[in-house]
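All chains should be modelled from the sequences, with the hints used to inform the complete structure.
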Amino acid sequence: EDKVVQSPLSLVVHEGDTVTLNCSYEVTNFRSLLWYKQEKKAPTFLFMLTSSGIEKKSGRLSSILDKKELFSILNITATQTGDSAVYLCAVEGVWGNKLVFGAGTILRVKS
Amino acid sequence: DTAVSQTPKYLVTQMGNDKSIKCEQNLGHDTMYWYKQDSKKFLKIMFSYNNKELIINETVPNRFSPKSPDKAHLNLHINSLELGDSAVYFCASSLSLAQETQYFGPGTRLLVL
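Taken in sequence, the protein lines are chains X and H. Under the working numbering, think of the first position of the first sequence as 32, with each following residue one higher. Under the working numbering, think of the first position of the second sequence as 8, with each following residue one higher.
Keep in mind that the hints were calculated from the coordinates and are not lab data. For every residue, glycine included, the Cβ atom is placed at its ideal position computed from N, Cα and C. Hints are supplied without guarantee of correctness; some may be wrong.
With a straight-line cut-off of 20 Å between C-alpha atoms, the simulated EDC-like cross-links for lysine to aspartate or glutamate are [to be verified]:
#	chain 1	residue 1	chain 2	residue 2
1	H	16	X	70
2	H	47	X	70
3	X	71	H	37
4	H	43	X	48
Reference listing, derived: stretches of chain X covered by chain H, where coverage requires no fewer than 3 residues with Cβ under 8 Å from a Cβ of chain H [claimed, not checked]:
#	region
5	70–82
6	106–115
Written out as structure tokens, the structure is:
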């Protein structure tokens, strides 16, 4: 069965800190890995990764995928209180665009 | 100009009732989904439809019946509601069944008493 494991489950940091969130996966016929940020409501899309070793960046956020070791990391530098959210990792396996989500990492950034 | 919208946002009902949640997307996407997020925040796919055709049905009880009248709408009807159905239900859409980002609606919080 396809599985996604995220760590840590929760994290409390101070503004300005850098955080690294981890996502490991087991999936049949891997197609892509996605990161989402969920605040109070719907998950909002951050990154989609399909190739190993290519870093994707968006402002202070970046992510990279290792298809050999089956994991991805999401980095956030110079954290701000607005980064406080649940960060979800999801993988897409078999055809049909089915996403399997991890449990998420709860990030709280204190001012 | 909301991309993926759901109604209602909140739904409180008694066990045994039948209820529907509606989802509409104005993105011109072909593929739509329903996810359930339980109290532990796990998001699990329930159904996906592509151009009104059922693609994924993730062993959801048959009390749940999705209906797609056209590719911009995917409604979820739930019969004989049970306490365990209490959750947040998210609708999502993507351009196609290919490797595409999914965009989520705001969620419908369902509470069954």
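Verification of the hints:
1. The straight-line distance between the Cα atoms of residue 16 of chain H and residue 70 of chain X is roughly 16 Å, inside the 20 Å bound, and the hint therefore holds.
2. Note on residue 47 of chain H and residue 70 of chain X: the hinted pairing holds, with a Cα-Cα distance of about 15 Å set against a maximum of 20 Å.
3. Only pairs whose Cα atoms come within 20 Å are accepted, and residue 71 of chain X paired with residue 37 of chain H is rejected, the gap being roughly 27 Å.
4. About 33 Å separates the Cα atoms of residue 43 of chain H and residue 48 of chain X, which puts this hinted pair outside 20 Å; it is violated.
5. Here the region 70–82 of chain X counts 7 residues with a CB under 8 Å from a CB of chain H, which clears the bar of 3, and the coverage holds.
6. Coverage of a stretch by a chain is defined here by at least three residues with a beta carbon nearer than 8 Å to that chain's beta carbons; for the region 106–115 of chain X and chain H the count is 0, and the condition is violated.
Hints 3, 4, 6 from the list above are not met by this structure, while the remaining hints are.
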